[in-house]
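Colleague: Next come the chains, spelled out residue by residue.
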Amino acid sequence: GAGVSQSPSNKVTEKGKDVELRCDPISGHTALYWYRQSLGQGLEFLIYFQGNSAPDKSGLPSDRFSAERTGGSVSTLTIQRTQQEDSAVYLCASSLNGGYQPQHFGDGTRLSIL
Amino acid sequence: AQKVTQAQTEISVVEKEDVTLDCVYETRDTTYYLFWYKQPPSGELVFLIRRNSFDEQNEISGRYSWNFQKSTSSFNFTITASQVVDSAVYFCALKGTGTASKLTFGTGTRLQVTL
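Residue numbers (our numbering), protein chains in the order written: chain W, 872 to 985; chain V, 184 to 298.
It should be emphasised that the hints constitute simulated quantities derived from the structure, not laboratory data.
In this text the structure is predicted, and so the values were computed from the model without any measurement.
Among these hints, one or two may not hold up.
[Claimed, not checked] SDA-like mimics (lysine to any residue), calculated; alpha carbons at most 20 Å apart, straight line:
id, chain 1, residue 1, chain 2, residue 2
1, W, K882, V, G226
2, V, K221, W, G874
3, V, K221, W, F916
4, V, K221, W, P973
5, W, K882, V, E227
6, W, K888, W, P973
7, V, K186, W, G874
8, V, K221, W, K888
9, V, K221, W, A873
10, V, K186, W, Q912
11, V, K186, W, E956
[Stated by the list, open to error] Computed far set for chain V versus chain W, every beta-carbon distance over 10 Å:
id, residue
12, V207
13, N259
14, Q295
Each residue gets a CB set at the ideal place from its N, CA and C atoms; glycine is no exception.
Build the full structure now, drawing on both the sequences and the hints.
Modeller: Spelled out as structure tokens, the structure:
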């Protein structure tokens with residue numbers, strides 16, 4: 872596709888449920904990133920993929936958060952046993968090959984935990 | 184540790200006024216890149232510009248201009264003759280060297296342009 876695609880756009884779920892967020896990067900981009908944007912914390916880095924490997928997972932807030940990337944393309948961010956503090960907009964970005972190339976962002980998934 | 188500070192939380196201007204958004208950064212890296220992104224009400228972060236630490240030449244692109252000064256660790260962004268469509272949250276971001284390839288963002292400046 873022309874840009875980074877994220878689904879769903881919005882997700883409302885009950886506390887304690889698991890959720891999966893999907894990101895489809897720009898075709899040909901080897902680097903993929905997940906960020907979280909919330910009112911209190913601003914834009915926070917979560918995880919970085921180069922191909923299918925994740926050399927930097929330092930931003931994942933707890934072991935309830937995990938992510939994978941398959942085929943060097945689509946990535947899934949999974950949050951287990953969701954808590955209310957997980958409510959945020961989850962943004963995915965991709966860049967041509969990591970490094971200093973600009974990151975291009977998707978529209979995000981707005982996650983609301985009831 | 185890297186840090187980006189955008190001290191201006193919110194700015195309101197009347198259309199056609201010039202406005203400058205401030206960005207101050209901290210890093211121990213000698214090679215780094217600075218970025219500006221725009222986030223309109225629709226929510227998508229839009230890349231505006233990238234600057235590397237060795238290039239202090241100021242840049243102008245249409246109504247936008249950027250002033251990078253290493254001596255003061257600043258990378259300010261000016262919009263000339265602002266328009267209502269410029270209303271958005273603007274983020275400054277930093278990427279240093281090393282294996283970590285993440286962007287460190289400032290907290291953003293919300294710009295409101297009114298008629």
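Colleague: Work down the list of hints and note, for each, if the structure agrees.
Modeller: Okay, the hints, checked on the actual structure:
1. W:K882 to V:G226: holds (16 Å)
2. V:K221 to W:G874: Between K221 of chain V and G874 of chain W the Cα gap is close to 16 Å, so the pair holds against 20 Å.
3. V:K221 to W:F916: Roughly 17 Å between the alpha carbons, so the hint for K221 of chain V and F916 of chain W holds.
4. V:K221 to W:P973: Satisfied, since the Cα-Cα distance of roughly 13 Å is no more than 20 Å.
5. W:K882 to V:E227: OK: K882 of chain W and E227 of chain V at ~17 Å, within 20 Å.
6. W:K888 to W:P973: Between K888 of chain W and P973 of chain W the Cα gap is close to 35 Å, so the pair fails against 20 Å, i.e. violated.
7. V:K186 to W:G874: violated (29 Å)
8. V:K221 to W:K888: violated (33 Å)
9. V:K221 to W:A873: holds (19 Å)
10. V:K186 to W:Q912: holds (14 Å)
11. V:K186 to W:E956: violated (24 Å)
12. V207: At about 16 Å from chain W, V207 of chain V clears the 10 Å cut-off, so the statement holds.
13. N259: Given that every Cβ of chain W is farther than 10 Å from that of N259 of chain V, nearest at about 19 Å, it holds.
14. Q295: The assertion about Q295 of chain V holds, with a minimum of 18 Å to chain W.
In this structure, the hints that do not hold are numbers 6, 7, 8, 11, in rising order.
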